[in-house]
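Novice: The chain contents come next:
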Amino acid sequence: MSKPQNAPGDVRSKGLVDYLNDENVRAVLYQIIAIGLIVLAGWYLVSNTLYNLEQQNISTGYGFLDLEASFEISETMIDYSAQSSYATALMVGLLNTVKVSLLGIILCTIIGTIFGIARLSSNWIVRKLATVYVETFRNIPVLLQLFFWYALIPGAFPHPRDALEPIPGVLLTSRGMYMPVPEPDAAYTLMAIAAVIACAVIYFVKKWAKKRQDATGQPFPMFLAGLGIFVGFVLLAYLVGGAPTELSMPALKGFNIRGGYNISPEFMAVLIGLTVYTSTYVAEVVRSGIQAVPNGQWEAADSLGIRRSVALRKVILPQSMRVAIPPLTNQYLNLTKNSSLAVAVGYPDLVSVSNTTMNQTGQAIEAISIFMSIYLGLSLLTSLFMNWFNKKMALVER
Amino acid sequence: MSENAKLPPLPTGTFAERAIIWSKKNLFDGWFNTILTLGSIAFLFWLIPPIVEWAIVNATLSPTIEGCAEASGACWGFVNANLRLILFGTYPFDEQWRPLLAMILLMGIICGSLGGVKYPGMRKAIIPMWVIGVPIIAILMWGGVFGLTYVQNSYWGGLPLTLILSSIGVIFAFPFGLLLALGRQSHMPAIKTVSVVYIEVIRGVPLITVLFMASVMFPLFLPDGVTIDKLLRAQIGIILFTAAYLAEVFRGGLQAVPRGQFEAGDSLALSYWQSMRLIILPQALRLVIPPTVNSFISMFKDTTLVVIIGLFDFLGTVKLALRSDPAWTKYYVEGYAFAAAIFFLICFSMAKYSAYLEKELRKGEQR
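Top to bottom, those sequences are chains A and B.
Counted from 1, the first sequence has number 374 at position 375 by numbering that gives the first Met the number 0; the numbering is strictly sequential.
Counted from 1, the second sequence has number 10 at position 11 by numbering that gives the first Met the number 0; the numbering is strictly sequential.
Calculated from the structure, these hints are not laboratory results.
Source: prediction; values computed, not measured.
Incorrect hints may appear among the rest.
What the hints assert, rightly or not - Under 7 Å between C-beta atoms, here's a sample of chain A residues computed to sit facing chain B:
(1) Asn23
(2) Trp123
(3) Ile124
(4) Ala150
(5) Pro153
Unchecked claim - Facing chain B, a subset of chain A residues (Cβ under 8 Å, in silico):
(6) Ala26
(7) Tyr29
(8) Ile34
(9) Pro140
(10) Met190
(11) Ser339
(12) Leu340
(13) Tyr374
Note that the Cβ used here is the ideal one computed from N, Cα and C, for glycine as well.
Isolated chain B, as found in the complex:
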């Protein structure tokens, strides 16, 4: 294309002139683009005003059913009135500062880990953060010590539960997935076969079947008299599921480490575990940070599936609030929109950060 050879004209002239040049190039370049532009503008005019009118102009925050019935727009009062039910589920009302605190702590640890992976010095702090943080969160949620009343985990719910299920799922799946990935790369046929079968079977079935298995079949697996509660079963199911996906992520990282690095470890007479720990994994894991964040995002979204086996995660509590009073039921759009907005904020920002990390971590390879 010969036009590429010519340098683009430097932006000169007044703002208006430059705006005209820009829009000629980006909006009205040829008849087809003009039609597309006009069509898009018409579409936006059709879409945006009614939404703004519904969501803002005619909306109400009044937390009563009567107040909502008067407004012709959105009834954000539904969210307003049920906010604590939606956020914390059926956790005892007076104790709800505990899940709030646990949630803030967990978000802090997640943000700290995500930020920490960027700086080699801070990476060392990630594991201690989880080792210290998880017990504190457990104490806050369960209680029973330090004068906190004991709260059964069947009362847990809402956003803290979603965060706990997904982050604990990924954290515990991490070592398991790493072992599976190493097993898949192993030269020992039996270990390789076991790893491959596990990874492929789990990746071949939907998460909901794993959750069904966890909720229905786990109780049968246990000896007489031993029971584990529903939440723990779901958590184990999520860990088992995530591990298979993380294993494939790690495999990608291991395969990207050049052969010479393995040979270098051998020629230094390092044992398998020494060369893995000192040479291979530090390089492989740095490569897989962005896809691991992406796994966490999809796990965070998939955690909503625990609704189907009867747990009240963030989506479950929205449904619970909608059903709490028949009069609220018709405000499902507001309820789902609120949940969608929270999910969107968390997932979108993590996805953007993961894309940024990918660019940052590649900087060393660019010359």
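This is chain A alone, in the form it adopts within the complex:
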């Protein structure tokens, strides 16, 4: 790219024109001009903003985070009341965003994989049904889908007084779904600890099994053993903890249902909408991932005498995963970002809580900067994790 420089022996001194024609000098010049323009524009905007804020008597800074929020939030995963600070309120919003995104990611992966495989089925009718599902729901805006589900749930289900009870203990009402949950007990903490320990044990057993198989060729029934270890540990902890059987049953008290665990219509609308919409994209990713594995891989597994189910698990899926992971990451990020649409149906996610904060305090810039940087952080975290996972799955070449 670089043009020939003046030869060292060139005695002619360089004039201004020579300098301006030098590509490297020009590059520096262009960059100085570009940066200068950006700084100027930034300075102009900031000075305008400061002036406008001063005119409106809005103080800048994040001091408002410690003030009392004085608004209620319908769904919280941590202790929160109207007396809590704005910082706590934002934390509640963030946790709600994470909750709906995580559940959505898990569900859309399961549903998307099923439909992705169904689109490749040899069964004509299954294939067509899956195609109709994917094409329909990916071509309708996700916000419209959210509005639809949100309108449907209160409209389709009865008032708490005459709640539907499809399964004993599970109540369906216009105010969402109620489920029985176990009463808090020390045994459940014990079970959680046992689950973590079981995972660690499984990790080491797996390592040992792989070493043994590498050395002797003897396979080890890892799946069954892992399941056994996990269930055994958790069950043992349950029994050691005294096997509590108390359940908090939802029941009508006064005008509303008390007890149990409530899944609000807002949460359901956001979760169903995001899951259905994103699952169509996941289905396409899964489909193209499987199609990307050459047919010769099936044949190679066949000729080695590997069973088809084992070939799918050990030969085909690992290779299609490699193709599918980057676009899958994008879909997960999209789902997380789309969860901000919750503000439109009143689910108290991060954007919704920030919006209330913004309206109450007038600290627009601060509130927007907070949720923008949190989304950026979430995006970066997800892509870091997926990059790590991708590297782990990547083809190791000599």
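Let chain A serve as the given structure and place chain B on it in line with the hints.
Specialist: Relative to chain A, chain B alone:
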């Protein structure tokens, strides 16, 4: 798989015989497939008849609340009665031929551009079409000249608004995105950093935060006394957002152009802009036509988000119509179904066309 080596038997016999062979292969191949087929048929029998009954057999088109209350099925009368509110929002009733005309013109330009990209000769007409078309659309929508009464853009709404926001968003984002993509490929560290930071930040946040920023923070950025209206702010937000996504699309195209092409430009002593304009971009842009159409589709769907900052796009006017009379509110399924059908028609046909284009434009590479 040894069966692959055998040639499939030629389709012979009567229609019935062939149908039996086909269904044996495609529907009842093994016990698992038989169960799936029977299950799917049962599912369709459970799903389709009630929908047909609701949407067609028992439905009514009567545009009154009383007429709807009598029908046990869908109340398409809701759409019938509110059609102009849903399509054009609060635009003055007697002037609604103007947004209608603007919408038809805009759709024509969009179709012309989409069709034009297929034929190298017609590609030259795309830019003039927009340069001439956009001012005409602006005149039609705003008025104030040629005897048209002036209509404030706060009265705009419905399908024309959705089309305007998304297509103007993509058209204006196009040059900006191209500059960002070139900046990202640049050898100058400062310019590269600025481009990368812009692209990654915008792509890392949801559109709704950009729209909030546009609606809340833009007024603070401006000097005292200067204001821009809500629609324009949203439009700028959409342009800024789309540009980052288009930049990544263009980057894909630029990276697909072989290195030798850049070197060829250098060896002809073309300047950077000359070699970009004459050698690189014509090749890169041809490659990115299908993903650009896909960006337009997702922008078209995402435009619905302006509802949240209080504009009445096509989805917003449906909600407006639902709220216009408490008696209509319970017909939300009909309203949303109508909006969904329109969105589906537009997005689905564009997506299919984009897939077709991708195949067409690749033909040159296949031997």
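Novice: Each hint needs a verdict: does it hold in this structure or not?
Specialist: Okay, the hints, checked on the actual structure:
1. Asn23: violated, 10 Å
2. Trp123: holds, 4 Å
3. Ile124: It holds, given that the least Cβ distance between A:Ile124 and chain B is near 5 Å, below 7 Å.
4. Ala150: Holds, about 4 Å.
5. Pro153: Interface hint status for A:Pro153: violated (10 Å vs cutoff 7 Å).
6. Ala26: holds, 5 Å
7. Tyr29: holds, 6 Å
8. Ile34: holds, 5 Å
9. Pro140: holds, 4 Å
10. Met190: violated, 37 Å
11. Ser339: Hint on A:Ser339: holds, closest Cβ of chain B at ~4 Å, below 8 Å.
12. Leu340: Holds, because the Cβ-Cβ distance from A:Leu340 to chain B comes to roughly 7 Å (cut-off 8 Å).
13. Tyr374: OK, holds: A:Tyr374 within 8 Å of chain B, min 5 Å.
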